[in-house]
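Asker: With chain A's structure known, arrange chain B on it following the hints.
2 protein chains.
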Amino acid sequence: MSIGKSINRVDAFDKVTGRAQFTDDFKLNNALVAKVLHSTIASGVVKVIDISEAMKLKGVVKIVTCFDVPDIQYPTAGHPYSLDPAHMDIADRKLLNKIVRYYGDDIAAVVATDIVTATRAINLIKVEYEEYKPILSIEAALKQGANKIHEEYPGNILAHTSYEIGNYENAIKEEGLIVFEGEYELSPVKHCHIENPISYAYAEGKRLVVVSSTQIPHIARRVIGQALGMDWGKIRVIKPYIGGGFGNKQEVLYEPLNAYLCKVIGGRCVKLDISREEDFVNTRLRTAMKIKIKSYVRANGRFVARKLEMYGNKGAYASHGHSVTNKSGHAFKQIYKDEVATKGDMYSVYTNMPASGAMRGYGIPQITFALESHVDDIASKLGLDKIEMRKLNAMKLGFIDNQVKCNSNGLAECIDKGRKYIDWDNKLIEYKNQTGPVRRGVGMAIFSYAVGVFPISLETAACRIVLNQDGSVQVQMGATEIGQGADTVFAQMVSEVLDIPIENVHTISTQDTDITPFDTGAYASRQSYVSGMAAKKAAMELKEKIIEHANFMLRLPAGNLELKDNNIIKKETGEVLASLKDVSMHALYNTEKSVHITSEVTNQCKSNTFAFGVCFAEVEVDIPVGKIKVIKVINVHDSGTILNPALAAAQVHGGMSMSLGYGLTEQLLFDDATGRMLNDNLLDYKLPTTMDTPHLEAQFVETYDVSGPFGNKALGEPPAIPVAPAIRNAVLNATGVNFNIAPLTPQRLVEKFKKENLI
Amino acid sequence: MSIGKSINRVDAFDKVTGRAQFTDDFKLNNALVAKVLHSTIASGVVKVIDISEAMKLKGVVKIVTCFDVPDIQYPTAGHPYSLDPAHMDIADRKLLNKIVRYYGDDIAAVVATDIVTATRAINLIKVEYEEYKPILSIEAALKQGANKIHEEYPGNILAHTSYEIGNYENAIKEEGLIVFEGEYELSPVKHCHIENPISYAYAEGKRLVVVSSTQIPHIARRVIGQALGMDWGKIRVIKPYIGGGFGNKQEVLYEPLNAYLCKVIGGRCVKLDISREEDFVNTRLRTAMKIKIKSYVRANGRFVARKLEMYGNKGAYASHGHSVTNKSGHAFKQIYKDEVATKGDMYSVYTNMPASGAMRGYGIPQITFALESHVDDIASKLGLDKIEMRKLNAMKLGFIDNQVKCNSNGLAECIDKGRKYIDWDNKLIEYKNQTGPVRRGVGMAIFSYAVGVFPISLETAACRIVLNQDGSVQVQMGATEIGQGADTVFAQMVSEVLDIPIENVHTISTQDTDITPFDTGAYASRQSYVSGMAAKKAAMELKEKIIEHANFMLRLPAGNLELKDNNIIKKETGEVLASLKDVSMHALYNTEKSVHITSEVTNQCKSNTFAFGVCFAEVEVDIPVGKIKVIKVINVHDSGTILNPALAAAQVHGGMSMSLGYGLTEQLLFDDATGRMLNDNLLDYKLPTTMDTPHLEAQFVETYDVSGPFGNKALGEPPAIPVAPAIRNAVLNATGVNFNIAPLTPQRLVEKFKKENLI
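If you read the protein sequences in the order shown, they are chains A and B. Just so you know, our numbering puts 623 at position 623 of the first sequence, and the rest follows in order with no gaps. Just so you know, our numbering puts 459 at position 459 of the second sequence, and the rest follows in order with no gaps.
The following block holds chain A by itself, in its conformation from the complex (with noise of 0.2 Å):
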């Protein structure tokens, strides 16, 4: 009845009426308010802290430093909890740190009554350190004899590992193999979700409670547990409506931190508002990537044979570990799959950066930026047809990487359509003899996405659903909506399930560890493919309770009735017997057999998939000013089955303009000397705005991909990998210069068109 159907979120009104409760939102009676002091050094040890003059304050209530807290390392990584040690998250930071890792690190935190106060206490706070140089890159880190960032990791090696896929040695020594090298460099950008992080703690009887702008509700409650060595049971999270998070919030910050100042002063409210300029320090990056290519390829174009090293700059502390480095470099070995022999050497390396985390494509932005500029470069250089060199090499039906089952295949169809949408045969000749300082060109890029986390971790989720005496459900799920419209797709799943209008399902929207049933959270791309299937089987399970007791209240034996159309049916006829109105008032009210219906169902996903997607641009570059401008640009996606048009564009506008960001502006500087970030705030930091956006073109090649609960599969993530590599292919189209590093920025751009005598 739903899916399919371009419904309105339900979210829609609340939200553009302001109705929608988000954690700032949780006005509680006399909420204290802490605040965070953060270290002045990036590398070195907290000798003394003299929080004497702050204390003074009146309104402070209390200062903890990092001589007080408990003495426990905790991970914070929004991964499912895993039963098997070699592969728990790194546990590598405490609540507030001695060694100091990074500029910024947290050493204390003051609790005041007014955020005024907690800001001068702040500011009184005075700290001596031992200071050491800091490693800001990961040269540096990696040279001999540095210092290690972390104790445990010498070498500052946070994790290495290596794959080989078939026989790299014995491939490359075919006869006539052109060989290609590159090397790529992808710098940090960051997340901008409007609402920064935020919680408030408060004690509930002997149990902690933590609102918070979170992705992952229940991982939350798992971390602050382990972070204050509290029984996972006496702690509570709940998320109200979250203005984005695009990974920054599929990480437990500071909610441990929160929970244990709410604790250490007995349990008042306790309010964490972290500012804009903690966010682009304190919190999470896009990792930083310097990548290296070796390819070994026939004269057509084919691949033989490609080797991979990349190094993944972790910053101070573990955050998502290895995971983000090793993705990538699997994805490596996906979407050019076909007789190819592959290689594979992934390092995370500790710096003493503000650390890297999830973001929005989880590594696949970068190994794509790299690969697909590698595949232009080469295309180029060998005079091929750049759409024809890939789709020879591209991932086919049936292939499988370790259990992610490529099921279903749009991606011819999908170059096709932006192949034809940006007019690309027409212009490729339009544009190809240009001279003069202003040029355009056009380029494209392709990706593979797997979906979720299986077969690496746990995938579960779980679902409840209520029937109302009209008729119309609740549905309860663990997995959250963070902005992306999961709550109305899932909807719109149950509505299809049990055939009633989508105003007739309502979805909670708040997550509360203590009721909801438990999912792992919003990341990975996974919600409408594994919690989807948990509301799936959750409606199919409601409507066969509805069912059986629409037979008992009809007296007729099982199997005969169906639910169509918000009535109960006869199978054979469809003569409609009674209104699922009249049936569900029955069972609640009838006083023969009273039940309360409600169906509940875990959902483990033990499948994967891989969603494809392509992106067409056209540039225009201002050669003397180095400026990119962005003509036209269409992403083309295969997520098989598209749930919900208008919400999937409205998903591929934003990752695509996140996309066009990483590409040409958005840029983190860094103070070379103190590594102290120097454009920590929305006004220096260059996100594009809508000024800056051409027309994002939206289209889709619709398949239906047999494992996910209605043929669908990942969006969320895909639309924010293709467009930075497109335009930089579109850039060496018009100008013949390739570029290696994104952003494009106009400096780089001047350099380098300086340096190769276009200027």
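These are computed hints drawn from the structure, not numbers from a lab. Be aware that a few hints might be false.
Identical copies look the same in the list; a pair holds intra-copy or inter-copy alike.
Below, a list of computed lysine-lysine pairs in the PhoX-like style, where the Cα atoms sit at most 25 Å apart [what the hints assert, rightly or not]: (1) Lys27 x Lys206; (2) Lys98 x Lys126; (3) Lys27 x Lys15; (4) Lys206 x Lys263; (5) Lys417 x Lys5; (6) Lys564 x Lys206; (7) Lys206 x Lys15; (8) Lys263 x Lys27; (9) Lys94 x Lys417.
These numbers come from a predicted model, not from an experiment.
Answerer: Relative to the frame of chain A, chain B by itself:
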């Protein structure tokens, strides 16, 4: 592990520290404030309402009058909904009423930015009435040709029911019978919960959310839907902690109006806080009654035939309809019923007085006052032992009245315990021949009380339990904590079944009709009996699921494991195989079969049983000033298994205090001409304070009732029943004067003592 222990209240810490959140603590952004305009006549019709001056006030958002509201009559009683039209509650009011039926009727409402503006606006509204002479007594209402208060009820009789057990006319023919007749009058009293009725209403999408201090969230949802003509699923009711209800919040009074106001202003949050004065006049009273009893007794005190004629003064609206009076009248044939022919006639009568509804005891305090006064008078007149006469006639084990069965009966032992505590036999002798102005006496009263509402109405309750990773659980009950300790007792029940410590059971105290399992609510002392069985069954289901997973985890065949003391043990040997925590962790996080273990069960209760109790009191009567001092007082209860002795004693203390006030001081005063309540506040209404209250002794006789989940039966309401008549009978014993009216105020005593020539 927990049943029968004096576990601390699970909400104790939060309530004494002020952490617990009540409705008024829900600080919602920009909430508007509503205030109701009440009529200043008791009977008439609103002709014109002029809001022009009020609308000019800055800050007034909306004024609605009785001319604006939907033309829908709806019921307000907190009864389970019935599918049988004949059994549905009376729908005799609108959101605001053009026809004024008591002094204070709701005729208009203002929504403003703040309470001062709202109040000023109320004062600026001008109303013109067509006024009738109000009907202020049962007699006036029943008078031939009296005005009809409700068009549909000529003669102002809301209902008249009757019964006859045995053959009354035959029975009274027995020779040698002595006839006794008595007339008793019970005044209305007020619940006086600490927290006045309060609600917030706001829109969420196309739905309305009402946060309210209610005993019956699921019923409130339904009634709001009925009153507004909305689908019930579009209403969501949330119940935070509430500061008492005592039956007054077992009715849906101002929530529908608040929801309507919110709706007509477009969904912005509206707060409607009922003042103490409004609570007195505009919510509900204990039903005032006139009761006539005629008894035929043998010389040994054996009843042979009894006849009841009773009139309940409903006031202006049906409220709970005929239920209170009817239940009261039926109880007449229960406590004394051994070879007795009994006839009853019960009338509920509309008057132009504030409406009466449910209050702790639901008619049983009234009939018990009358009946126990009557019995004492008979025994006095016949010179019989008052205890022996009662024992001779009282209900015996096995008695059944309309499916309510006496499965357990500790009444005789209750009497013995009370007799001993009060030193009954010695005191009777000691106080035999008193003279002088100050005299002492002892009195007692017994009662029986049926649990819940089966078979009159549906008894259904549900519970959901969620297992945490640490082996602790959350318990979600549709049944509500209203101060009585239900949450604690439910936690004990779950702790008992699962054999886990009480600290590991977290009861979710907030009910939210969107997610909370269905339950009709807190009333009729049904919670530990009806809802408790749901908690027990849900815990049993959870236990089964835990053991099932333990079998899977341990690779053992089904049937060998048990959950004991937080561990999974081998049934035969007691060997500990795994901790509950290990199993809980494994269930969620194992990658082979991940499952979020929860349970959810509906319990429909199709049994009922009798609780019993007795009060013994010793009083000192200062005859010239008409003052009664209670020297000693004890309630002894047979409520089956005592689940939590400390909480049970607290329940008894609260009930005894209520019954003390009922018998001695609580009297509502009305203006004879206008029907206006004169003492509508806690200064002028004489609720007993701690200064007025003697030590309240609470004792129990524990029986085991097979129909209760843990052998338990009703305890919530019974304590409020017997104290008033016991005191009345002690006054009779002290002075020889029988008062047939409650309360026994000094004025009434002095008047009657004068008449009896004692002063």
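Asker: Taking the hints in turn, state whether each one holds.
Answerer: Evaluation of the provided hints:
1. Lys27 x Lys206: both (22 Å within a copy, 24 Å between copies)
2. Lys98 x Lys126: within (14 Å within a copy, 71 Å between copies)
3. Lys27 x Lys15: both (18 Å within a copy, 19 Å between copies)
4. Lys206 x Lys263: within (10 Å within a copy, 39 Å between copies)
5. Lys417 x Lys5: within (22 Å within a copy, 73 Å between copies)
6. Lys564 x Lys206: between (48 Å within a copy, 24 Å between copies)
7. Lys206 x Lys15: between (35 Å within a copy, 13 Å between copies)
8. Lys263 x Lys27: both (19 Å within a copy, 23 Å between copies)
9. Lys94 x Lys417: Classified as neither; 51 Å inside a copy, 62 Å across copies.
Of the numbered hints stated above, the single one contradicted by the structure is hint 9.
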